[in-house]
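Protein chains in written order, with this note's numbering: chain A, 1 to 173; chain B, 1 to 105.
Honestly, the hints are just simulated from the structure, not real lab data. Ideal Cβ positions, reconstructed from N, Cα and C, are used throughout, including at glycine.
Quick list of simulated restraints, FRET-style, between CB atoms:
hint: 1; chain 1: A; residue 1: T135; chain 2: B; residue 2: G74; range: 30 to 36 Å
hint: 2; chain 1: B; residue 1: T25; chain 2: A; residue 2: L109; range: 47 to 53 Å
hint: 3; chain 1: B; residue 1: R43; chain 2: A; residue 2: T135; range: 46 to 52 Å
Under the rule of at most 20 Å between Cα atoms (straight-line distance), these lysine to any residue pairs were calculated in the SDA-like manner:
hint: 4; chain 1: A; residue 1: K74; chain 2: B; residue 2: M33
hint: 5; chain 1: A; residue 1: K147; chain 2: B; residue 2: M55
hint: 6; chain 1: A; residue 1: K74; chain 2: A; residue 2: A28
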Amino acid sequence: MTARIALMTAAALLIGSPTLAKSGPTDAEIAHIAYTAGNIDIAAARLALAKSRNATVREFAQTMVRDHEAVNDKALALVKKLKVTPQSNATSAALMKQAKETKKRLSSLKGAAFDRAYAKNEVAYHGTVNGALKTTLIPSANNGELKSLLETGLTLFGEHQKHAEHLAAELKS
Amino acid sequence: MRGWVALGPAAALLVAASAQAAPRTHVVIMEKMKFMSVPASVRRGDTILWENRDMFRHTATAKNGAFNVDLAPGAKGKTVVRNAGEVAFLCKYHPGMRGVLKVVQ
Numbered sequence: 001m002t003a004r005i006a007l008m009t010a011a012a013l014l015i016g017s018p019t020l021a022k023s024g025p026t027d028a029e030i031a032h033i034a035y036t037a038g039n040i041d042i043a044a045a046r047l048a049l050a051k052s053r054n055a056t057v058r059e060f061a062q063t064m065v066r067d068h069e070a071v072n073d074k075a076l077a078l079v080k081k082l083k084v085t086p087q088s089n090a091t092s093a094a095l096m097k098q099a100k101e102t103k104k105r106l107s108s109l110k111g112a113a114f115d116r117a118y119a120k121n122e123v124a125y126h127g128t129v130n131g132a133l134k135t136t137l138i139p140s141a142n143n144g145e146l147k148s149l150l151e152t153g154l155t156l157f158g159e160h161q162k163h164a165e166h167l168a169a170e171l172k173s
Numbered sequence: 001m002r003g004w005v006a007l008g009p010a011a012a013l014l015v016a017a018s019a020q021a022a023p024r025t026h027v028v029i030m031e032k033m034k035f036m037s038v039p040a041s042v043r044r045g046d047t048i049l050w051e052n053r054d055m056f057r058h059t060a061t062a063k064n065g066a067f068n069v070d071l072a073p074g075a076k077g078k079t080v081v082r083n084a085g086e087v088a089f090l091c092k093y094h095p096g097m098r099g100v101l102k103v104v105q
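Same shape as in the complex, but just chain A:
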């Protein structure tokens, strides 16, 4: 329950932060949020690879690492090219705080209970980031290349979300 509240808080911050509502986040902040969001999912996948023995869960986690590293590599190359320094902000801080709590919770679980909790969290997490990309990050991005990379990210997160939903459903039965 605490985890759910924390996630909702992070989601609320992502979607409707009062400090960002006036003019939206800057490109430097957006880059930091997007990069942080990708890193959090990579870290969760690494935890799954360390803990899970379920082949389907492991394959999913490997895909998460591979895909999010690919986007983050492009993001790093882009900010370098644009000479933008990603700037930490309330949204990325909230995401990291939430991720820390999720990691603590998942770390305490084992076996099938871990697998189910990981899959469930992946569904929720991708949903949250998708929402943020659609309602805040993409509309606020000024630079065309950053916007395009975020759109690619949205396509990817959408696919991952469906993939996670299938995984979660499979683990339930």
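Keeping the supplied structure of chain A fixed, place chain B upon it in accordance with the hints.
Just chain B now, with coordinates in the frame of chain A:
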């Protein structure tokens, strides 16, 4: 001149035969987490050239095991269609990416 005349019908036959049987190559593009430009129908012996234009690794994996191409970002790979029938395929890393090849004789 007589030689040309004699060659004429033979050449015409050859051309006709190869036009009927010549295998074709169809390009299927993997882009934005989708298989684009999947041909409406292909013939046995045709080649599919899979082209991954995404920044992510993709596969084209036939559900019946007929082919499995694993492509790094930007890579291309070929498969030859051997049997008639419908072949459902997907990307094993992104199972939402799927398509069907209709293979005619």
